[in-house]
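Chain by chain, the residues:
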Amino acid sequence: MITLTINGKEIQVPKGTMVLDACQQAGADIPTLCYDPDLRLAGSCRMCVVEAKGRPNLMAACVSPAENGMVIETESPDVVESRKIILELLLARHKLECHTCERDGSCKLQDYCYRYGVTDSRYLNEMPHFSKEDPNPFIKRDYDKCIMCTKCVRVCEEITGAQAINVEDRGHHAKISTVFDGKLADSTCVFCGQCVMVCPVGALTSKVSAGKGRSYQTQSVLTTCTYCGTGCTFELNVKDDHVVGVTSVRDSELSPVNKGALCVKGRFGWDFIESEDRLTTPLIKENGELRPASWDEALDFAANKIKEIKAKNGPDALALFSSARATNEENYLAQKLFRAAIGTNNVDHCARL
Amino acid sequence: MAEEMRVLLEYADKINPEIADEYVKIGGYVGLEKARKMDPNDLIQEVRSSGLRGRGGAGFNAGMKWSFVPKNAEIKYVVCNLDEGEPGTYKDRIICEKNAQALLEGMAICGAAIDSNQGYIYCRGEYPFIVKLLKNAIKSAKELGALGDFNIEVRMGAGAYVCGEETALIESIEGHRGEPRFKPPFPGVAGLWGVPTVVNNVETFACLPSILTNGAAWFAGIGAAKYPGTKVLTLTGDTNNPTYFEVPTDYILRDVIYKLGGGVKGGKKLKAVQVGGTSGAFIPESNLDTPIDFDSMGAIGAALGSGAVFVMDETRDIVDIVSRISKFFEHESCGKCNPCREGTFRCREIMEKINSGKATQKDIDNILLLSRVMKKAALCGLGQAAPIPIESTIKHFADEYARKIV
Ligand SMILES: Cc1cc2nc3c(=O)[nH]c(=O)nc-3n(C[C@H](O)[C@H](O)[C@H](O)COP(=O)(O)O)c2cc1C
Ligand code: SF4
Ligand code: SF4
Ligand code: SF4
Ligand code: SF4
Ligand code: FES
Chain U
1 MITLTINGKE
11 IQVPKGTMVL
21 DACQQAGADI
31 PTLCYDPDLR
41 LAGSCRMCVV
51 EAKGRPNLMA
61 ACVSPAENGM
71 VIETESPDVV
81 ESRKIILELL
91 LARHKLECHT
101 CERDGSCKLQ
111 DYCYRYGVTD
121 SRYLNEMPHF
131 SKEDPNPFIK
141 RDYDKCIMCT
151 KCVRVCEEIT
161 GAQAINVEDR
171 GHHAKISTVF
181 DGKLADSTCV
191 FCGQCVMVCP
201 VGALTSKVSA
211 GKGRSYQTQS
221 VLTTCTYCGT
231 GCTFELNVKD
241 DHVVGVTSVR
251 DSELSPVNKG
261 ALCVKGRFGW
271 DFIESEDRLT
281 TPLIKENGEL
291 RPASWDEALD
301 FAANKIKEIK
311 AKNGPDALAL
321 FSSARATNEE
331 NYLAQKLFRA
341 AIGTNNVDHC
351 ARL
Chain D
1001 MAEEMRVLLE
1011 YADKINPEIA
1021 DEYVKIGGYV
1031 GLEKARKMDP
1041 NDLIQEVRSS
1051 GLRGRGGAGF
1061 NAGMKWSFVP
1071 KNAEIKYVVC
1081 NLDEGEPGTY
1091 KDRIICEKNA
1101 QALLEGMAIC
1111 GAAIDSNQGY
1121 IYCRGEYPFI
1131 VKLLKNAIKS
1141 AKELGALGDF
1151 NIEVRMGAGA
1161 YVCGEETALI
1171 ESIEGHRGEP
1181 RFKPPFPGVA
1191 GLWGVPTVVN
1201 NVETFACLPS
1211 ILTNGAAWFA
1221 GIGAAKYPGT
1231 KVLTLTGDTN
1241 NPTYFEVPTD
1251 YILRDVIYKL
1261 GGGVKGGKKL
1271 KAVQVGGTSG
1281 AFIPESNLDT
1291 PIDFDSMGAI
1301 GAALGSGAVF
1311 VMDETRDIVD
1321 IVSRISKFFE
1331 HESCGKCNPC
1341 REGTFRCREI
1351 MEKINSGKAT
1361 QKDIDNILLL
1371 SRVMKKAALC
1381 GLGQAAPIPI
1391 ESTIKHFADE
1401 YARKIV
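As you go down the protein sequences, you meet chains U and D in turn.
Note that our numbering has the first sequence beginning at 1, numbered continuously upward.
Note that our numbering has the second sequence beginning at 1001, numbered continuously upward.
Hints should not be assumed to be uniformly reliable.
Looking from chain U toward chain D, a few residues come up when the C-beta cut is under 7 Å (computed) [said to hold, decoys possible]:
| id | residue |
| --- | --- |
| 1 | G43 |
| 2 | K53 |
| 3 | N57 |
| 4 | S82 |
No farther apart than 27 Å at their CA atoms in a straight line, the calculated lysine-lysine pairs in the DSSO-like style are these [claimed, not checked]:
| id | chain 1 | residue 1 | chain 2 | residue 2 |
| --- | --- | --- | --- | --- |
| 5 | U | K84 | D | K1327 |
| 6 | D | K1327 | U | K108 |
| 7 | U | K108 | U | K305 |
| 8 | U | K140 | U | K212 |
| 9 | D | K1362 | U | K175 |
| 10 | U | K84 | D | K1226 |
| 11 | U | K175 | D | K1183 |
| 12 | U | K259 | U | K285 |
| 13 | U | K140 | U | K259 |
| 14 | U | K212 | U | K183 |
| 15 | D | K1362 | U | K84 |
| 16 | U | K84 | D | K1353 |
| 17 | U | K175 | U | K140 |
| 18 | U | K15 | D | K1183 |
| 19 | U | K285 | U | K207 |
| 20 | D | K1226 | D | K1183 |
| 21 | U | K95 | D | K1362 |
| 22 | D | K1226 | D | K1327 |
| 23 | D | K1327 | U | K95 |
| 24 | U | K108 | U | K207 |
| 25 | D | K1071 | U | K15 |
| 26 | D | K1132 | D | K1014 |
| 27 | D | K1404 | D | K1269 |
| 28 | U | K9 | U | K53 |
| 29 | D | K1139 | D | K1025 |
| 30 | D | K1034 | D | K1014 |
| 31 | D | K1353 | U | K95 |
| 32 | D | K1183 | U | K53 |
| 33 | U | K84 | D | K1395 |
| 34 | U | K207 | U | K140 |
| 35 | D | K1358 | U | K84 |
In case anyone wonders, no lab produced these hints; they're calculated from the structure.
All of these numbers come straight from a predicted model, not from anything done at the bench.
Beta carbons are placed, not taken as given, at the ideal position from N, Cα and C, and that holds for glycine.
Input sequences plus hints: build the corresponding full structure.
What follows is the structure in structure tokens.
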């Protein structure tokens, strides 16, 4: 254990603890923009700077290991001045339109400007433009609101494994881009939306949820995705009894299977919920026509047909194709039913195709 | 040129740097032989006690840097920084052109000290002819057996100033974007491909053969006590003698300009001198009697840096020069961290505004505030040093700014 002093309070932490964590343990709330506990450290936004006694420069708390005897101030005049100027510099390149922004109320830039009373930027002059139209049905890329935290790049590489995006060019021309600055659809992007999940501002947002309600207008309902047997946890965003979006739950206690990661279907494919075409009862085909039936009736119908075929043509006249939308356990039971109860090995699964 | 003291450049133009044999004839590779017979700890101690400090800008004791390399690591690398991106600096090119074998020998000495048999030289993209020279020099040394089992590969940069920063350099060798890493971990612990790596400047390596041959005490006795040895300087700007010199490190800046440089061109008066490259402070006439060594320069708020000496005569427009410098940094910022990516951009805007006579005192206040934050909060030395020319000129040449603001 090492001992350090944070805002006058002495605390003990295990060796190897980062200053950021030590500060949090000491009750100091450090603003962060590029830090994400699940991603490789970047140390680039410099919002988390703190003052360590005896050091000429401020240190970025997220990438600095705590050392024995350190004396740290987390809101000293120098620290506050630096954070304010960093916010002003970001505002000077930002398309500030909170009134129509999807992230109004859940935006780190907005929150920190509020916290440090940054209303305006003294560096406002030439306004660079990074925005681009990306014709895809899922993700809006508005880089005029990008703060270059590179979380999207890191999550795409490290969690999704797609490596669809990276930083292009340098200096203040640097921007997030696909290879050759093309469309997401022409890249290796799989539209998982992990980048939207980690974006701390309104630079990456869901087109599917656009205009349907901001975080403070919706209620979050924790549930499990029904698309496949993986069983990812997510939150349905509900407004006036309608689902208007899906957001991730990154807490591994609540979301042990996927820790917030989703695929394109789970994150963007929830419009089926209120679809006219959605089946609400089983259907039985009679004389070439489908008619609604009850579950009991449908199951009896299927069981009788199976028995009939087996009696007439033997068990190998039957085959089972099961679905990845069912869980492993359900798939196990289904094949067991066919192998043990019906007596055929004609078993296959859509995930194998 | 009686005042120069040539150690690294003693045989300049007398031997062919590409031919190892010629270097051996003037006593080359004796230091390496000696180093190989020493216990690595003693070797590191020897280099440490010579007082040799990094010639790339940060002035860190070379032996001390090597001592941080973990002994038990299986693979380690020796990397030579030949990025030489600092405008007005070409001393590493001169060292290669005049005495490349000393650089190779120095790298192999470092290899013996840290138990590494692989070296890389990262060469500035604008020096393709040096790449060729070095490859021939390495081939010749290998053929002669002078380097033993120590191998050296040459890698080429692509013209980014920031790739002279040691961790950006490492990223670049690895094939990534040239962006600095945060430190710690320092390269000595986790460098190239994640393994312990010593990064030293060309001149630092080139000092090693003579230290081994003549002994640490000999080297420690040359020049300034705390930054001993000689330093290769490159003199540019309004000087009568724009060339390179090798001087002991206690040499006075005034003598560089007036004795070696033959004074200011056209008999004009001196206005300012910038030492150490573009990020150096502007030094006024009143500070000229300062020795060029690292600590003396630091004491007047300047830096020896790469050893570039840029002379400006009385007719030069300081604000104009600084606004051009701010454009350089805007162009060279890698874009990784907020204070530098946005800060160098806004510094250039404000400097151009001042230069065009449209700025007010408020703009000066804003740029000073921005400078302070960049120095304190930027990720790497580029962003931290970019505002130094601005700050130092607002301090020492306030009247030049006052003339331009409304
Ligand atoms: C922006 C920037 C550019 C640099 N450029 C160079 C360079 O061109 N050559 C060099 O030797 N060191 C350069 N350095 C310093 C290196 O990071 C490093 O300190 C040096 O290579 C270590 O070698 P030394 O201890 O022998 O000086 C630069 C540093 C910064 C921050
Ligand atoms: S990203 Fe944040 S600061 Fe920017 S417009 Fe949206 S809510 Fe406002
Ligand atoms: S949607 Fe997924 S794959 Fe596409 S860029 Fe974002 S993180 Fe990468
Ligand atoms: S798009 Fe969002 S996540 Fe990506 S760098 Fe910009 S602000 Fe960060
Ligand atoms: S200070 Fe400048 S060059 Fe260094 S990491 Fe930051 S943006 Fe890149
Ligand atoms: S949160 Fe620490 S540098 Fe970005």
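(message) So, against the hints stated earlier in the document, which numbers end up violated here?
(response) Result: hints 2, 6, 7, 9, 10, 12, 19 and 22 break, sorted rising.
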